[in-house]
Amino acid sequence: MTTPSDSSGAATEPAIGTLPEALAEPTVAEGAQPSIWPPVPRLVLGIRIAIGVALSVVALYAPFYFTPENNRILSQAIYLSIAAMGLNLLTGFNGQVSIGHGAFFGVGAFTTAILMVDYDWTFEATIPVAAALSGLVGLLVGFPALRVRGLYLALVTLGLAVLFPRVASKYVDGTGGVALLRPQRSGFASLIDGLDDDQWAYFVCLAIAVVLFVLAWNLVRGRMGRAMIAVRDQEIAATTVGVNLAGTKVGTFALSAAYAGVAGSLSVMINRIADATNPILYFQLSIEFLVAMVIGGAATILGPAVGAFILVFLRRNTEDLIEGKEILAPAIFGAALIAIVFVLPEGVVGGVRRLLARLGRRSAGTPAARPAPASASDVPNDSTNPGGSHEDGT
Amino acid sequence: MDGRTFTVTALMQLFVEQVLNGIANGVVYGSVALALVLIFRTTSVLNFAQGEMALFSTYITWKLADEGDGFGLPIVAAIAISMALAFVGGAVIERVLIRPVEQARSPLNVVIVTLGLFLGLNSVAQLIFGTDPQFMPSPFPEGSIELFSSGGDTAVIQKSTIGMIIVLFAECALLWYLLQRTKAGLMLRAVASNADSARLHGIRSGRMLLLGWAMAASIGALAGSLVAAQRTGFDASLMTTVLVFALAAAALGGFDSLLGAVVAGLVVGIADALTIQYVDALDGIEVVLPLALILVVLVVRPTGLFGRRTVERV
Amino acid sequence: MKTGPRPRFLAVLLALAMVGAACSSRDDDDSAQTETGDGGAAAESSINTDDCVSDPTQEIEGDVITLASSFPQSGLTAAFSEVARGWEAYLEKVNADGGVEIGDRTFTFEFKDMDDQYNAAETATNVEELVGQDGGGAFAVFSVIGTANNIAIRDFLGELCVPDVFAATGSPAWGNPDFPWLIGSTLAPYSLEGYMFAEVLNEQQPDAKVAMLVQDDDFGRAYEEGFRQAIEGTDIEVVEVQKYPTGASEVSAQITALAASGADAFFNGGTLLACPDALTKAAAANWTPITYVSATCASKTLMGLAGAAGDGVYTAANLKDPLNPEWDEDPAMQEYLDTVQQYRGDGFDPENAIVAYGYTQAAVFVEALKAAEGPTRLAVMESVRNLDGISDVGLLLPDVSVTTAGEDDPYMGESLLLAQYEFAGEGQRNHFVPQGELVDFEGQTLELTPEDLVTG
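Chains as they are written, first to last, in this note's numbering: chain A, 1 to 394; chain B, 395 to 708; chain C, 709 to 1164.
One thing to keep in mind: the hints can contain errors.
Stated by the list, open to error - Facing chain B, according to a computed beta carbon distance under 7 Å, are these residues of chain A, among others: (1) 55; (2) 148; (3) 331; (4) 334.
Treat the hints as calculated values from the structure; they're not laboratory data.
For glycine and all other residues, C-beta sits at the position ideal for the given N, C-alpha and C.
So that you can see chain A by itself, here it is in the shape it has in the complex (with noise of 0.2 Å):
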């Protein structure tokens, strides 16, 4: 079988993986014996690969299409992307639901906020920091997470939440005496001639998010990804196996809060502002990572960012649908959210790859859907956790 060499298609083998453990066992990537992730028929690699050349294509093309004002917008999903990819890792793949992602993006918009504003850091450089220092503190918080499952997981990473921006709003002092920091505009200028700041911010945001999508596809294949869906789907089985329980479940923690970091860096980049003025801003932001994982799809590559944009766009749009009513923005949004998820239980992503395998070839044996994720729920027992359902397909 052959790999066309296209970067936004799926490939039929597991990719080798950019982890030290996955090139520590190259058995895997021989496709010789049966992987989780089944081989794909061709009519649906070819549509795979039509969506993939026209997403880059338009992609690629749409900052110099749109106004300013609306790349900003589009800025904005990719980076909410990329934090909904972070909580994608974690919840999606690894079974551990938080709902206080916002605090880590908070944590990286405030490094590159204080770098920027306290120490005349360029923006590009203080990308990493971000990275760096959000995943440290997801890692702090992935060790009492160990200890706790389900919903008491869900309710402590809220409180991280709602503590955020009360102690951020403590210790940050912004201009005009408000906890609010906002970069010099020319921190953000744009490095290439012939690119607007716009753009420049635009492609800044599509890079790096291609770059953590790419690394979070090869992650998911590689044996570390095996090792979280393990976890995920039975968590004793898998230690029994000799899947690194801790480390699993921490690593994941770390490398989520990491990507959430990223997004809370870019959108200092879009919105040149890192907030904690709002005491409910970080909580809110929780909740949009993980209303874009759902609806996009869980479990999914591209789901993340699917939802994303189709956030973003109800957001925008639900604003002034009744005039004079504007009160009425949230209960349009949560009504289209609970809408979405009645129409498409498994998410965009998830109901396209359901559509795609009908069209397919059916080959025996070859469920096209993946795992779901774990339960939100499953605190008293097992038995509510979906993971392993694999009766779809035909």
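Dock chains B and C against chain A, hints included.
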């Protein structure tokens, strides 16, 4: 502190007063936590909309009871009607919005639906009932009871606080009886802990989940109305401020213990008040404390203070 | 290797892309807006316009002034949107009466507002959309609510040289000379409120021990630092300060701590529900200090919740209170009630102080426009920054005047009256009653305010 000399009794009295403040808030957290525990025990769902369902019912209570803008019913009657309406409303929500996604493979879908409800109920409540803060009459007598006095200063407890404590423990006992001692309660718990296996035993799980949502909504209506009556005024943010503390209380109490929720609610309330009085470094961020408490307790005892351990099976 | 339908697909995409390019909505043409108008008196301007991204001396084209605003219209702070009911009603009435004359041309108003849910990043997005990156959109930004929200747009608007006028909070930061394109409203700067309370105490209790309740943010800090500076050199002393988290509606433990400090005066810097809660909890604890409440608390609903517990508290005011029967026959008050009724209909309460506030801001702004030398951004900004004793417009109290003088005096709400709440009973028109003489801080706010609050 200024240069006044404080006698031991004065310091002691301040401490007692702050504990009483804490209890007054603690009963509020406890009553909401109780509703959270109930819905968790009967449906196994993390319901983001619990607070806003309660808010909506609270506005209905207010509309029924208010003399200026509403129907001027006695407050006790208003709460009873509101609880009945919430019971029906909770059942409708379960049947129409929750059940269709309950069968989905990802339980996160239910969470998204409750989030949609959370957003929707809050803004619809503001549309119908207005954005201005409102006053909720209290079902409890006004005034206070003197606990002790020393040197002209007295420590008093509000009668409404005592009323809340009584209601809370009565509610707790009633729910405990319902869940632990009646057949319906047994079936509710069976469905919540394992719907498939309950179904195999002939329990109609759909009906039980319906009942669970209806009861939780009804208890939420009671909690919301009483919380609003404890406050000087309430608006659409009533539950958002309370919910964090209530969740902390529910988690501390172990999420499946009714008594645990009440006791933990009091613990959280008292800890908050004492932090405000004695820990200046946490001024304005007292919320750190209950969250730190949860973290410590969960790390030491992952099932909470009162929760039971569950056996892991592969 | 079979590549299947790819080439064809690419061709289709390419075609689509070319169609897209043909109808591109992006305006890459930078040559727009280079012509320089002559409406502004650029030469004698106190605002440096050398680095302006757009030309602030260009005259408005056509006969419509577009105003942009962003404020919460949904979410937990949606009640703030009532401010806009007041100013929209006023401006629509001006339109109906033929518009406003600036220089020798007449204009009508058009306003565009967007919902930001009180989220500063949203405010920035909204305003950049309404004004445009090149300033080609709205003429000016009017009455954006929230301190953080205005700070989130002031540098952008400053670089563009687009006026951000009547910022709807009392932050002393609106006097920062680095941001000449931003100016506050007739709300008293928070730091001046401390002086108002100091006036009361100097008269009634010169050796007062004061307890303060403030919000844990810039708003609370302005009260605390402003009041501390106001009592310098007096025998008044601050004995205890308690902070409450933003958004809290319950402050009983803070009040117990304040009452236990032995204070006999209480600066209640609480806003929204924390304010009436503080008053009722103080009354329940039998703590009866001389009390001042934040001007942001002086509203029908909040003081109504406090009820009898609010009797006798002081605040600072510069607008007529629709609840005060003294103004029932007042033509300005009748005009206000008629206007909001006619242009903004029902569904809200005109007795709500924030509607009256919004109405008055529009009235003062219209006076500033009339006084502007021409219909340019620079001329209008200069006019708003150099108001010459505007009085008797909107619902300004008699004798209250609005004066500004460039960066030496960038504040509007500097003449204030002390007012005391009279609680006559449930269901009565309980209201604040103006007391004594006008206290005039005209031109003194910068001097009376700790510098870090202005430029920090």
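Hints, verified against the model:
1. Checking residue 55 of chain A against chain B: minimum C-beta separation of about 25 Å lies over 7 Å; hint violated.
2. With a cut of 7 Å, the hint placing residue 148 of chain A at the interface with chain B holds, because the nearest CB-to-CB distance is about 5 Å.
3. Satisfaction of the interface hint for residue 331 of chain A is found here, the shortest Cβ-Cβ separation to chain B being roughly 4 Å, below the 7 Å cut-off.
4. Annotation: interface hint on residue 334 of chain A holds; nearest CB of chain B at approximately 3 Å, less than 7 Å.
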